[in-house]
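Enquirer: Chain by chain, the residues:
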Amino acid sequence: MERIKESFLVSPIFVFFLIHSMQVGVGMLGFQRIIAKSAGYDSWISVILAGVAVHIIVWIIYKILDYSGGDVVDVHKEIFGKWIGGLLSLLFILYLMALAVTVLRSYIEVIQVWMFPEFNSWVFGFFTIVLAYYIILGGFRTVTGISFFSIVLPLYILLLVFFPLDYGHVRNLLPIMNHSVTEIARGTKDMSLSIMGFEALLLFYPFIKNPPKSQKWAHLGVLATTSLYLIASVTATMYFSADQIDKIIWATLTMFKSINMPFVERFEYVGIASWFLVILPNICIALWGAGRGIKKVFSVQQRKSLLWILPIVLVASSLIKSRQQIDMLSGYMANFGLYYIFAYIPILFIITLVVRKMREKK
Amino acid sequence: MANWFKKEDKKPRLTEEIYQTFRKSEDFICQFNKQAIRPYWICYQRNIIDTKTINEQILPYLLYAKVYSIRDLKAIIPNKEIVISKNPREIEDKILQGSIMIQFHKSDGYCALVDAVKFEKRSVNSPEVEFSVTGPKEAFVESLDTNLNLIRKRLPVPELRVKELTVGKLSKTKVAVVYIEDIVEKENVQTVLQRISDIDFDQISDSSYISQMIVDNTNSPFPQMLETERPDRVASVLVEGKVVVLSEGSPQAIITPTTLVEFFSSFEDYFLNWYIASFVRLLRLFSVIFSILITPIYVAVLTYHHELIPRDLLATLVISRREVPLPPILEALFLEIVIELLREAGARLPAKVGQTIGIVGGIVIGTASVEAGLTSNVLLIMVALAALASFTTPVYTMGNTIRIIRFPFLIFSQLWGLIGIVLCFCFLLAHLIRLTSLGRPFLEPIYPLRVGDLKDAFIRLPYSQLAKRPGYLRPEDKKRFNQKKAETKKDIDE
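The listed protein sequences correspond, in order, to chains A and B. Going by the working numbering, the residue at position 38 of the first sequence is 682; the numbering climbs one at a time, nothing skipped. Going by the working numbering, the residue at position 428 of the second sequence is 520; the numbering climbs one at a time, nothing skipped.
Chain B extracted, bound-state conformation (with noise of 0.2 Å):
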C-alpha cells in the first residue's frame, strides 16, 4: 500500500496543469497501483464518487482481469459510460461531474473515464407550494433526471423532446428544453433555446434565475412565465403546445408562453367538476380585485367621498373610526405593513416557532391595536379579508405581485380618491397590454379577443369543449380530439 501515495515521482500522463490545479483541493485523489496486473493510475474527485462501484465494478476488473490497452476496459467495465480521451479540456469535465479516470502506466496520453457519480438527492415529495386535495400527489426534486423520469412517465410518446444546454460559468448548470413536436410551434422552441443559450452568468441556483434572465420584460413586476413543481401540470401544458424548461437542482419548472389568466387557475380546477372549478376560478378572480382595491377603496371614501356611502353604512363606519386618531391612509398603510410584517416572519421562520406568529398576529396586533385607537375595526376586517382573498391566487410569484401593487393603489386613492384609483388602473392596465410572455400578449383571451380560448379562462368548460389547443400558442396539430365525433348524439330512445 505504501507505494500508493507516490505522486511525486510518477505522475500519470495527464496535462501537467490539470494536475497541478486538481491536487490542490485535497479531496482529489490520484493514486497508483503497481500490484495489478497491468499497473494503473487512477485518479477521482473523492465526494461525488460512489465508493461503491469503484469497490465492486472497477477495482476487480482492474486488479485481476488481463488488460493490454486502454481500450479493453470498454469491454471489461459492464454497465457502465465508458468514455476514452486525451483531450484535457474532456478530461477535466469529466473528472467534474463525477467520472474516475484511469490510466495505465506506460501509456500515450489516453485515459478512460469512467462515470461513476453519485449525487444527493431527495427522493419524490408530494407537492407543497401548489397542493391539491384530490388528484396526484407527487412533486419535483432537484435531480433533472427524476424530474425528466416524472415527465416521460406521463408522456410515453417518441414526440417528446428534450434538448438540453449547460448555462453558467461556474455552476455549468444543465437545463432541458421539454416540448412535444408535431405540436408546439417551433419558433417557441427556437426562442427559448436561444435566449437561454444567450444568458452570460456565472451561476444558476433554480430555474427562478433562468426565468428572470428570458422574460421579454425584466422590469414588470408581474411573472411572465408560469413555475410549476407538478409533473402533471407540465405534462398537461406540454399537450397543449407550450415549452418547458427544467434545470438541475431546481424543483421548478418553467412554463412558457403563458398568460395573465393561466396564474389564477390552479391545477386542482381540471380535477374537479367544470361547475365547481369555473366557480372556484371566478372566486379567486373576484377576490384578487377584491384584494388589490378594498383599502385603496376604504381610503378613498373616507378621505373625500364620504356621501358615496349610504347613510346607515355611515354610521358604522364612523363609530367604528371614533376612537382614530390618524388619517384614513396611514391606518390602512399601518395595517398593510402589519400584514405584511407577519407574513414575511412567519415565512422565515421555522414550521414550530411560526405557530407563535398566529398568537402574535391575531391577538396582540389585531385587538390591541383596535382597542389602543390605532385602527378601526372595519379597516382590520377588510386588510384581513383581502390578505385572505391573495392568499387564493395558485401561484406563489403572483401572490408576491399582488401584494406589491395594492401599495401604489393606495397612495393614489390619498392623492385624487376614485380618480386616482381609476388612473392607477389604467397604468396597471397599459401594463398588462403591453406585456408580453415570449412575445405572444399577456392579456390574451381578453385582449387580443380570441373567443375561442375564453372556454378555459375564467371558467372552464368540460373536456368535451376543450377540443381545440389555446390559440394564441399557434400549436401545429390545433385539435386535441375529433369534436364532431364526440358530439353525435343518439335520439330519445334509441
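Extracted from the complex, chain A is given alone in its bound form (with noise of 0.2 Å):
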C-alpha cells in the first residue's frame, strides 16, 4: 500500500467537517417535501431511521478500510483482481461525478427559480468548476479547508432557526406514531439523496492522519448531520400545516422568508447566496474523489484526469435543462446511492470478509 506523505494528511478532527460538509448541501434546503410525502407529520422519526442507518454504514466502512489500510480501489483490487475491480472503482467514480453534476444543477436551479429566472447556468458553472479546480490543485488539505469553512461560517443561519419557531405550532407534532411503520421505513428511504456523499470516506480514508482515531469524529459528524436534519424537519412540522408541507418544494427556504431583521427583510436570498459556501465542499469532495480514483485506477496524474472531469461535469450540469430532467436525475441518483450505500458496501464488507478469511486459511 503507498503511503501518503504526512504533510498531505488532516488530523482525524476534521474527518468530522468532512463527512458532515459533504452530506449537507441542496437537499437541506427541500429535503421536508420528500419526506413527508409518506411519513406526513412523523417524518421527523424517518430522519433519526436514516441517521442510525448512516452511523452503521459508517461503521462498516471504518471495518473494511481499517484491514486494508487503503481507500476502496485497493480493497476492489485485492478482492476482484484487476479488471472486476477497476470496474467496480469506475462506477463508484462515475457516481461520485453524478453527484457533482446533481448537486450543483439542483443549486442552480433554485437560484434559477428563487432570484434569477434567466440566470445562465453555463458561466456559473464554468466559475464553479474553475473554482473547484482551483481548490483541488491545492491538494486535499484545500479541499479540507473548504468543508472546514463551509461550516463554520454559515453556522449563524442555525440561530435564525428561532425565527420561524415564533409562528410554529407544537401541536403540530402529536400524535406521535400517527404513520405505519412502512410510510416511515418509506419516508427513511427518501432520506437516501439528502444524506449521501459520507461514502467519499472510501476514497480519502487514507489522508486520515491514524485513520482508526477518526471513526468517532465521523460519528460525530453524522449526528450533527441528523441532527441538523432533524431541527429543519421539526421546525418545517411545525410551521407548516399538514396540507402544505407535502406540496412546498423548499420548505427550508421558504421558512427563511419569515424573518424579519430591522436591516435585511427577504433574507432567502442572503440564505441561498450563502448556501454556495455549503455546497461548493460537495462538489469539491465529489471532483477531488473522482480525480484520486482515476489516478489509482489508471494511474494517470490526477491534475490531468481533472481536465477531464471537469468539463464533463460543466457539460452534463448545463444540459439539463428542464424541472423533469432534474427531478429524474435526482431520483435516479437517489436510488442508485439506495442502493450503493445500503445494499452494496454492507455486502462489500461481507465479501472482503469471507475473503480474508479463505486468505488466512491458505
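By construction, these hints were calculated from the structure, which means they are not laboratory data. Glycine residues also receive a C-beta, built at the ideal position from the N, C-alpha and C atoms. Possibly wrong hints are sitting among the right ones.
Sample of chain B residues lacking proximity to chain A, with all beta carbon distances greater than 10 Å (derived) [said to hold, decoys possible]:
id: 1; residue: D119
id: 2; residue: N179
id: 3; residue: E184
id: 4; residue: K229
id: 5; residue: T258
id: 6; residue: L364
id: 7; residue: V452
id: 8; residue: S461
id: 9; residue: F483
id: 10; residue: F499
Straight line, CA to CA, 20 Å or less: simulated EDC-like cross-link-like pairs of lysine to aspartate or glutamate [said to hold, decoys possible]:
id: 11; chain 1: A; residue 1: K901; chain 2: B; residue 2: D404
id: 12; chain 1: A; residue 1: K649; chain 2: B; residue 2: E279
id: 13; chain 1: B; residue 1: K210; chain 2: B; residue 2: D119
id: 14; chain 1: B; residue 1: K570; chain 2: B; residue 2: E251
id: 15; chain 1: B; residue 1: K210; chain 2: B; residue 2: E173
id: 16; chain 1: A; residue 1: K901; chain 2: B; residue 2: E399
Put the two chains together into one complex, using the hints given.
Expert: The structure is reproduced here in C-alpha cells:
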C-alpha cells in the first residue's frame, strides 16, 4: 500500500467536517416535502432512522478500510482483481461525478427559481468548476479547509431557526406515530439523497492521520448532520400545515422568508447566496474523489484526469434544462445512492470478510 | 609633492588588470610617497573613505614609524581592522568596500588593507509607517549595523544569532538573518538561508526585494512576510521563535513565517491593556471586512435585490439616487477610482502640497460630484467610510492588498448580485487556504484550527495567559514562562 506523505494528511478531527459538509447540501433546502409525502408529520422519525442507518454504514466502512489501510480502489483490486475491481471503482467514480452534477444543477435551479429566472447556468457553472479546480489543485488539505469553512461560516443560519419557530405550532408534532411503520420506513428511504455523500470516506480514508482514531469524529459528523436535519424537519413540521408540507418544494427556504430584521428583509436571498459555500465542498470532495480514483485505476496524473472530469461535469450540468430532467436525475441518484450505500457496501463488507478469512486459512 | 602622481612609471604591484579597471573611474586615488622613511603606495576609492582616518590614523604612522615589512603595519596602526593579502579578488572587494590599500615600493605583491569606510547614514528616528502613541519611539535606519545594534540592545543574550549573506551580483548587498537559537525551529532558519542564497538577481535595493523573491507564492496579492520598521517588534517576534531578515540599505525588517491575523495586529496592541487591545483588534477586523464588502453589497442590492432592504431604508436610498443617471456599478467604480486617485496623489506629493489634496478630495470631488448628479450621497458616505476603514490596517502592504481585492468583488456583484459576492469570496477563501508562509499555513490558527494560538489572534489575552509560544512556529522551547507557578492564587485574607 503506498503511503501518503505526512504533510498531505489531515488531523482526525477534520473527518467531522468532511463527513458533515459532504452530507449537508442542496437537499437541506427542501428535503421536508420528499419525506413528508409518505411519512407526513411523523417524518422526523424517518430522519432519526436514516441517521442511525448511516451510523451503521460508517461503522462498516471503517471495518472494511481499517483492515486494508488503503482506499476502496485498493480493496476492489485486492478482492476482485484488476479488471472487475477496476470496473467497480470506475462505477464509484462515475457516481461521484454524477453527484457533483446533481448538486451543481440543483443549486443552479434554486437560483433560477428564487433569484434570477434568466440565470445563465453555463457561465456560473464555468466559474464554479474553475473554483473547484483551483481548490483541488491545492490538494486534499485545501479541500478539507473549504469543508471546514463551509460549516463554520454559515453557522449563523442555525441561530435564525428561532424566527420560524415564532409562528410554529408544537401541537403539529402530536400525535406521534400517526403513520404506519412502512410509511415511516419509506420516508427513511426517501432521505437517501439528502444524507448521501459520506461514502466519499471510501476514497479519502488514507489521507487521515491515524485513521482508526478518526472513527469517532466520523460518527460525530453523522450525528451533527442528523441533528441538523432533525431541526429542519421539526421546524418545518411546526411551521407548515399538513396540507402545505408535502407541497412546498423548498421548505427551508420558505421558512427563511419569515426572518425579519431591521436592516434585512427577504432573508432567503442571503440564505441562498450563503448556501453556495455549503454546496462547494460537496462538489469539491466529489470531484477530488473522482480525480483521485481515476489516478489510482488508470495511473494517470490527477491534474490531468481533472481536466477531463471537470468539463464533463460542466457540460452535463448545463445540458440538463427542465425541472423534469432535474427531478429524474435526482431520482436516479437517490436510487443508485440508496443501493450503493445500503446494499453494495454491506455486501462488499461481507465479501471482504469471507475472502480475507479464506486467505488467512491458506 | 610632485612625485605623488607618478602613476605611469611606477605602478604598485597590484595585478595589472585590477589597476587598469579602477583607474577608469576618476574617484580612484593612487599615490606614491617617497619621502617617508619607507616609501609606499596608497590607493583608495576617494568617496567611500573617511579622510579623517587617513590623516589622523594612517599617514602619521606611515610617514614616521619605522616599518620593515608590510606585516608590521598590523602592530603599528591602532584600532583598525587590517587584512594582509595578495589575492587580487580580495583586494578588489576590499577596496570597493572602503578599505585603503597600502603597499611598499619594493614588495612581493602583498598589500595591507586598512578598513576606513565611511558611509553616509541618517540617525535613528521615530517610526513613521508604524506609528504608535505609546511605546518605544525608534525605528530602523538604512545601516545594517545600526539596525543590528538596535536589536542586540533589546536582546542581550548570546543565543541571538546573526548569519550574514551577500546577495546581488552588482549591489553585493549584505543580508543578515537573525534568530534566537534554542527557540527557533531550525528548519525555518535553514529554509530562509537556502532561499536567500538561491536569489539570483543583480541588484537589491531594499529588503522588500528579498521578501518578494523568497515568498512561497509570488502570484498572490497577499504579502506573506511581515515588514516592520520597529526594533521592538522585531525583538518580540524573535522571542516568539520567528526568523528576521535585515538587509543593508533598508529600514525594513522582514519577519517570517507569519499568519494572516498578524497583519491586522498593530504592535501597539501589546502596550495597551488587553481589553482595549482586543477591542481595537476586533474593530480592525470588522473594518477590513466592511471596507471590502460594503460597495459590492451596495451594487448587488441596488442592481438586483431591492427586496432585501426594508421599505423605510429603501426610501432613503431611492431619494439619494434620484438624480443619478448612472447604474450603481458605474457609480461605485467611479467613486472607488476617485478615492484611489486621491490616495495615490496624496502619497506621491510632497507634504506641503499634500494639503491641497484634502481640499480637492473633500470639497470639490465629494460635494460637487453629488450636486452634479454623478453619485449619490449614500454611496459617497459608504466609500469614504470604506477608505477610512482600510486605513486602520496597521501593515502598509496589507492595506494595499485590501485596496485592490475590492475590485473583483465589485465586478462579480454586478454579474450575479449576492451570489457573485459569495463566489468571489470563495475564490478568496480558497486562495487563503492554499497560501503558506515559509511552508506554514497562512490562515492558522483558524485553519488548521489551533485553539492554543487563538489567544493572541483576534483578541489578545493578558500576558499571564500567553505562556506558550505560537504553535505553528514549532518552537524548540515552547514555554515563555511557567504558567502553573504564576497561577497559584492565594485564598481570601491570607
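Enquirer: Is E184/B truly not at the interface, in the sense that its beta carbon sits beyond 10 Å from all beta carbons of chain A?
Expert: Label holds. Min Cβ-Cβ 45 Å, cutoff 10 Å.
Enquirer: Does F499/B clear chain A by more than 10 Å, comparing its Cβ with all Cβ atoms of that chain?
Expert: Nearest chain A Cβ is 17 Å from F499/B, so the label holds.
Enquirer: Taking 10 Å as the cut and beta carbons as the points, is D119/B off the interface with chain A?
Expert: holds (54 Å)
Enquirer: Would the hint linking K901/A and E399/B be met if the CA-CA limit is 20 Å?
Expert: holds (11 Å)
Enquirer: Minimum C-beta separation from F483/B to chain A exceeding 10 Å: can you confirm that?
Expert: Since the minimum Cβ distance to chain A is about 25 Å, F483/B lies beyond 10 Å and the statement holds.
Enquirer: V452/B: least C-beta distance to chain A exceeds 10 Å?
Expert: At about 34 Å from chain A, V452/B clears the 10 Å cut-off, so the statement holds.
Enquirer: Assess, step by step, whether the Cα of K210/B is no farther than 20 Å from the Cα of E173/B, and give holds or violated.
Expert: holds (14 Å)
Enquirer: Need the status of pair K649/A, E279/B: alpha-carbon distance at most 20 Å?
Expert: Satisfied, since the Cα-Cα distance of roughly 18 Å is no more than 20 Å.
Enquirer: Is the Cβ of L364/B more than 10 Å away from each Cβ in chain A?
Expert: Given that every Cβ of chain A is farther than 10 Å from that of L364/B, nearest at about 29 Å, it holds.
Enquirer: Has the given pair, K570/B with E251/B, been kept, meaning a C-alpha gap of at most 20 Å?
Expert: With a Cα-Cα distance of about 16 Å, the restraint between K570/B and E251/B holds, given a limit of 20 Å.
Enquirer: For S461/B, is the shortest CB-to-CB distance to chain A above 10 Å, so the non-interface label stands?
Expert: Non-interface label on S461/B holds, nearest chain A Cβ at 26 Å vs cutoff 10 Å.
Enquirer: Would the hint linking K901/A and D404/B be met if the CA-CA limit is 20 Å?
Expert: Holds, at about 19 Å.
Every hint from the earlier list agrees with this structure, and none is contradicted.
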